[in-house]
Amino acid sequence: MITGKGRTACQGVAIGTILEIEAPTVSDLSNDAYMSVEQELELLQEGLACAATELEELAAKTREQVGEDEAEILEMQRMMLDDPDICDAIIAKIKKGAISASKAAIEVGIEQAREFEALDDQYMRERAADVKDVTSRISRAILGTNVVTLTEPSIIVADDLTPSQTVAFDRKLILGFVLRKGTMNSHASILARTMNIPSLINTELPDEPLNGRILALDTEAQTFYLDPDSETIEHIMEAKDRFYARQMQLLKLRGKETVAPCGHRVKAFANIGRPDDVEAVLENDAEGIGLYRSEFLYIGKETYPSEEEQYRAYAKVASTMNGKLVIIRTLDIGADKVAHYFNLPEEENPALGMRAIRICLTRPEIFKTQLRALYRAAARGNIAIMLPMITSVDEVLKAKAICAEVEQELKNEGIEYKVPSLGIMIETPAAAILSDRLAKVVDFFSVGTNDLLQYTCAIDRQNQTLGDFYDPHHPALLEFLRIIAKNAHDNGIWVGICGELGGDLELTDTFIEYGYDELSVSPSAVLPLREKVLKSKAQCKNILSSK
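So in UniProt numbering, spot 136 of the sequence shown is number 136, and the numbers just go up one at a time.
Hints were generated in silico from the structure; no laboratory data involved.
One or more of the hints may lead you astray.
[Said to hold, decoys possible] Pairs of lysine-lysine, PhoX-like flavour, derived with a Cα cap of 20 Å:
(1) Lys440 - Lys400
(2) Lys324 - Lys418
(3) Lys172 - Lys240
(4) Lys440 - Lys398
(5) Lys267 - Lys535
(6) Lys368 - Lys411
(7) Lys368 - Lys400
(8) Lys5 - Lys181
(9) Lys537 - Lys256
(10) Lys252 - Lys267
(11) Lys181 - Lys267
All chains, full assembly: derive it from the sequences and hints.
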């Protein structure tokens, strides 16, 4: 038996036979002979047409069996087939290198995926899988080869899975996913969570043939067992029973208010990055959305999203949430989140450079387009606006002045709108120190603990070599959190947390004692958070009397 560790992408316990999926490589096409430029270009066009048909059919199947939002992932890949960055690169390679269309497609996929993987922005790195998925599909279509099919209940093993591979399998036959690579926010991980398939990523699976062997995974232990012995199989079956019982227990918390025994009410909100995350928010009974990262409407595009495009996205989320509060963070491009068409200058330290509110205030035309969409969408649901990376009262006042201009423009044009409440993220030491003054000019605070810790402790949160120094429970951060909550309540506004720390159950009692009104976490963490609050041992008598 071989035992190894991984990272949980979707919770669960499973055991079954392995079906291994191998990604195509250029060496796999050694017998694919080149004919002529004209013939290869003709084959490419046929392959593109065939791939388009496949993706359209797969999107339709996904819409019916999984959901509308998941189908949009496949429709996005269908659009990539028309992307000149991909098509022109394949054509150029055929003409220049005298290689077959199928090889050219694979090579372009590998090269462009490598470029995405080298980017600092995690969202863009994760788009590498989409590029490889699309170009592999083109190559298979040219050659007339089929994808691996699932005929019996199996655990899918691969280096990584593409979105179309993830949804193409018969859900009833998938016992689990175990990947050597992968990220928490890749489409494959998102789809696994949507489809509720137990999944481990970044595993230490051996690099050897695995097809047909038995594999077990326990995501709570973040462990897999290859060729498990009888004792381990018995352990896995017991873990499976415990997991099921645990899920049934958590589901009983849906519909309950998140109130601590001491009487303090904490709203359990959820964080999202895209409209298609709302389904998970509702399934887990979140009381609202505490952070909608609007920058994902900008990333991965060739130009700025239009007012109408943004309006539709915001209005869709707000209307789907049916009156529950949706807090939308304004544009937070910069640092590790890159959109090339912004033409931002190269900076020695982008985390301290032109980003977020600084871009909005120096390029008000971009900011106003987003604000117009937000004001219009607010007429369709309960929307609040949140400004990121604030360091001074002056920045807030300048932003409010632009908001006033937008309101006047919409009024003059006779366009329906509603003025949303306005809050700020407290994610810099400057904002934390000035929180007493800032509370006088906004409606609420939400603490972005990820950046606040980074800037407070002068530690790059993306630098893996600093892991031993990265302490999310650092006393300086906790003191900032106490001060921020006190200053908010002293000025009559509410305060929440939308960073990763909000879901740290070791600190839930501390947040209650500090008086935090809202904690926004990943959708799957909402019910465990509610359970923790309901069983809290926090002593909040002093907090309640100070509000």
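*Violations among the numbered hints, reported as their numbers in ascending order*: Violated: hint 11 alone.
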